[in-house]
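Since chain W is already given, all that's left is putting chain P on it; use the hints.
Number of protein chains: 2
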Amino acid sequence: MTFFTRLKRIFLGEPLSTQMAINELIPKWQALAVLSSDALSSVAYATEEILIPLAAFSALAVNWSIPIAVSIFSLLVILTVSYRQTIDAYPNGGGAYIVSKNNLGIQAGLIAGASLLIDYVLTVAVSTAAGVENLVSAFPILMNHKEILGTGIIFLIMLLNLRGVKESASIFTIPTYLFIFSFVLLIGIGLWKLAVGEAVPLAKGVVQEYPVIPFFLILRAFSSGCSALTGIEAISNGIPLFKSPAQTNAKITLTWMSFILGSLFLGITLLAHFYGVVPREGETSVSQLAHLVLGQGWIYYLVQGSTALILILAANTSYVDFPRLSSLLAKDRFLPRQLASLGDRLVFSNGILGLSLSAILLIVLFKGETHHLIPLYAVGVFLSFTLSQVGMVVHHLREKEARWATALGINLIGALTTCGVLIVIAVTKFLMGAWMVVLLIPLLVLLFNRIHLHYKTVGKELSLVGQSPFVKLEPIQHTVVVPVSSIHRGVIDALRYALSISQDVRACYVEIDSARTAHIQTEWQKWAHEIPFVVLRSPYRSVIAPLLKYLDDVEQTTHRDMITVIIPEFVPSKWRHQVLHNQTAFLIRTALLFKKGKVVTSVRYHLHDT
Amino acid sequence: MTFFTRLKRIFLGEPLSTQMAINELIPKWQALAVLSSDALSSVAYATEEILIPLAAFSALAVNWSIPIAVSIFSLLVILTVSYRQTIDAYPNGGGAYIVSKNNLGIQAGLIAGASLLIDYVLTVAVSTAAGVENLVSAFPILMNHKEILGTGIIFLIMLLNLRGVKESASIFTIPTYLFIFSFVLLIGIGLWKLAVGEAVPLAKGVVQEYPVIPFFLILRAFSSGCSALTGIEAISNGIPLFKSPAQTNAKITLTWMSFILGSLFLGITLLAHFYGVVPREGETSVSQLAHLVLGQGWIYYLVQGSTALILILAANTSYVDFPRLSSLLAKDRFLPRQLASLGDRLVFSNGILGLSLSAILLIVLFKGETHHLIPLYAVGVFLSFTLSQVGMVVHHLREKEARWATALGINLIGALTTCGVLIVIAVTKFLMGAWMVVLLIPLLVLLFNRIHLHYKTVGKELSLVGQSPFVKLEPIQHTVVVPVSSIHRGVIDALRYALSISQDVRACYVEIDSARTAHIQTEWQKWAHEIPFVVLRSPYRSVIAPLLKYLDDVEQTTHRDMITVIIPEFVPSKWRHQVLHNQTAFLIRTALLFKKGKVVTSVRYHLHDT
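Chains W and P supply the protein sequences, listed in that same order. Residue numbers for the first sequence, in the numbering used here: 39 to 648. Residue numbers for the second sequence, in the numbering used here: 39 to 648.
Derived from the structure by calculation, the hints contain no laboratory data. These numbers were taken from a predicted model, which means no experiment stands behind them. No residue lacks a Cβ here, since even glycine has one placed at the ideal position from N, Cα and C. Treat the hints with care, as some may be off.
[Said to hold, decoys possible] Only some residues are given here: those of chain W computed to face chain P with a beta carbon under 10 Å: (1) 487; (2) 489; (3) 550; (4) 567.
Excised from the complex, chain W in its bound form (with noise of 0.2 Å):
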């Protein structure tokens, strides 16, 4: 194994061998918890996100939080019901850019991927802070440090996914199975204390009256709410990994899923309003109720831990989206051509560096308040639900399978609801930051849009279409300088390969140092006098220039086609040492960079220095 590919493999592991993380094919209760780390963990901060508001308002506003989730959990309903259908009609997997460009067209289809795009940065972001936010809850002492926590966290998944975690299905079931089953553990036994009386006395004096707050209010509280539906549209991408029947168990999967979001996350709702939650600075929601129906036992503990361990989980979900929807951008060349193959895992580097950065960026600049964050993410989110609802509307008018006007009513539905709550969001989180995600999109719409423009014009003029084939390539004739600053073995080298590659050699020679001169000569006379030397002067101690004019007149003297410059380089056998050599060949290399008609080779000498 050479150099560079144990460095590649100790940094990014062995290759994967197919181009999904996980390719055998798994049972429905796998697929729940490979599939809806992201969706599930929204619990860990959906009902705190619609008490803020209220909370801010009046003490007893809160009461409204119990109307707000139940519709909520109403709208839950209508996408499930919805997204069936796009399992029934996409078996392939159904992702908002598929479905939006086959059905409204390709700019459609980018608005779906660019708001997909900022959903992966936000997922990553708003995960970790409530990761962080619930770790920091459990153990006050790291109060001060959320930023740092949240970086280092998102720091180590890169690195985990530069790596290249070999997946398997096993490392979700546990934190998944594990999360559902302590928050069905604390619902449980905050309901039982409810019902025997034994409740903390705050609960007994919750009067549930609703007072008269302003509507735009509710509909605030309602839009953060809403970040309880992220990541629910998984399933419906996910479709080739179930046993078969895939789709209906994709379908199964789906109701199951949704059945377990919505009890986990009414029953947080309505115990957080009986045991009189409020949300206050340095403890989460779910950690203050965690303390008021289980204390301070290691049951509030697995309760913390398990949250914090889903919301890493479903930071790292996007670690596969990201790449996956860049691919199907790519293979469109709406995006570099090179991000298309999923193959060498080296490409995606940039785009898992990407991500991470601007999630670190977020978590920074909003100083790790989940809080903050959720305005921005569930612009993106909706966005691209109704594009998805809408496409699937225009899907049952074009295609009219069996049952189609039962489907498009279903669709239609969700495409109001989605379009409704999307336009909501965008108006009373406008000012608080969803503003960014509605500027974002179509700045990143037209970035889309003139990658592929270039992508056509270079196609065009690269094209052969048109000309008649040829009787035989001819080859060109071409003239070879190798520029020298001694004569030693990597000169002999390189002088040799210049050989066997032309009729036509020259060396030059840049004098810098007068005194010089006539000693390479000589030496020249010795070693390769059958190629020609030209000393060249340089009468402001440059290299690059004299040889650039030289390269130049050699063009116009010669009438060739090409000028090859064949350059000695040196491996030396340790890397640092790299920096003591080679720096005049990049020189020449950068010079010669934008000139037409020049090949620049690098004739390389394996130093086997100690």
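Leaving out everything else, chain P in the frame of chain W:
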């Protein structure tokens, strides 16, 4: 002019026509201005540095500043007389590196070189910090932004130097003489006011007595004050600048400079004493003195402005000295070879960046306080003084030129004095920061030696000595492999180039999407049927791995000397489009970087897309 040249011109300026920044010979009065900004500018902080430790001990202790200043003045006289000997002995400029190397051996030279390089960084940091402090004294509103101001100024000097300032003597003349003029004015008015009894009341109550204070404290104040002497070696380095008779003129100028420096330094120290200036946070002693003597009028701002200006000029001198010394070290193979040539300014960009960033780091670490930087400064200066003087002693003993015994005596006194001062500085300032320099110098010397050893080993390995000259240089035999991903004009160009450099050309195609293979094979038959076309399967969807394997196969079956890999690359007309192309080429190049027997050649296709 090509894009790249234009870019270089914009950012780095026109090439300078010789190695020295200023190449016309200049009269003494201009040479004084050019070569003395570093030395004279130290008047701005040296007095304050003497006062700080004394004032911290007791109010009366500051009286000791007068005898300390007088002893520093004596030291200045000794150094001046000593350096006049160096001017006699080294008509082409005798820097500490050259004098030490020639007389004491290469390791002594390297110690001097290391001290000087550290010095240059500190000159930038100290001068900038002092300049900023004088600006802040005049404009107290800037008080809390010292680090930012310092960083900004260094950044500006850096940009100017990367850009390439076409320096002329006149740039230095005005600020230097303005500085001398304003300080003479300050001292003159100050003394006159004292004489006529117009001085502020404070000046009248000064008691002239010398309280008993620890001897160590006196030594420490003396060490700090020695910062006044930094930069006085500049004239002995700059002899080639002077009009004939250069050595005589240089000696006269050195004497004049020392006289001015000494007078200003003594004058300021005396006045500070009589006007009762005590160092305090937020205003430099010079500014306090100028306020007391001149009030708040325009002369005050003239003093402060010219002080800040000459300090910034002093910082800039390092940007000439640093590359010059690096070049000397590189010519002797103790620094990367490329630094030897001063011709392509691009080469020094890294040096300029390094110098600037180190200075900025110092400014930030030491919070822009001159006082905290001074302990690091003087060690390197006096180490190079000492080595240079000892070198001169050896020189006289060896050469025995005319009147060598007198000269020997002078330099012996110089050597003993500077060595004594060096020890005093190293001991009294060790814990205050001098330890860093004491540690860094041997590390640098070690690095120089390691670099030298590497070049020596490589030189031996590459040497042709002992080989008998070839009758004829034999061309090599190679196979050419052209990896292609589709067939277009760029590929056709690459294939034509390939046919021109070898009889054995093969193309290969890595199959990622099997659906495309048949299509590309048909195309190949149409356009390039005479070149064998190999389809490589890629089970892991990697482009690189199958290619590497194929190259190994070719190597084993053909038994040729080499394989040349020709990659078709694109040069987009817009620089930013670069990211949309050539990533595969980059991956291939990187993967083959450390492989023996491979030459990678890019044949570029210039896109003229709009």
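Hinted contact residue 489/W with chain P - closest CB pair below 10 Å = OK, holds: residue 489/W within 10 Å of chain P, min 6 Å.
Taking the closest Cβ pair, is residue 550/W under 10 Å from chain P?
-> Holds: closest Cβ of chain P sits about 6 Å from residue 550/W, inside 10 Å.
Answer holds if the nearest beta-carbon of chain P is closer than 10 Å to that of residue 567/W; otherwise answer violated.
-> holds (9 Å)
Go through the hint on residue 487/W and say holds or violated, using the shortest Cβ distance to chain P against 10 Å.
-> Result: violated, 13 Å to nearest chain P Cβ.
The structure shown violates just one earlier hint, number 1.
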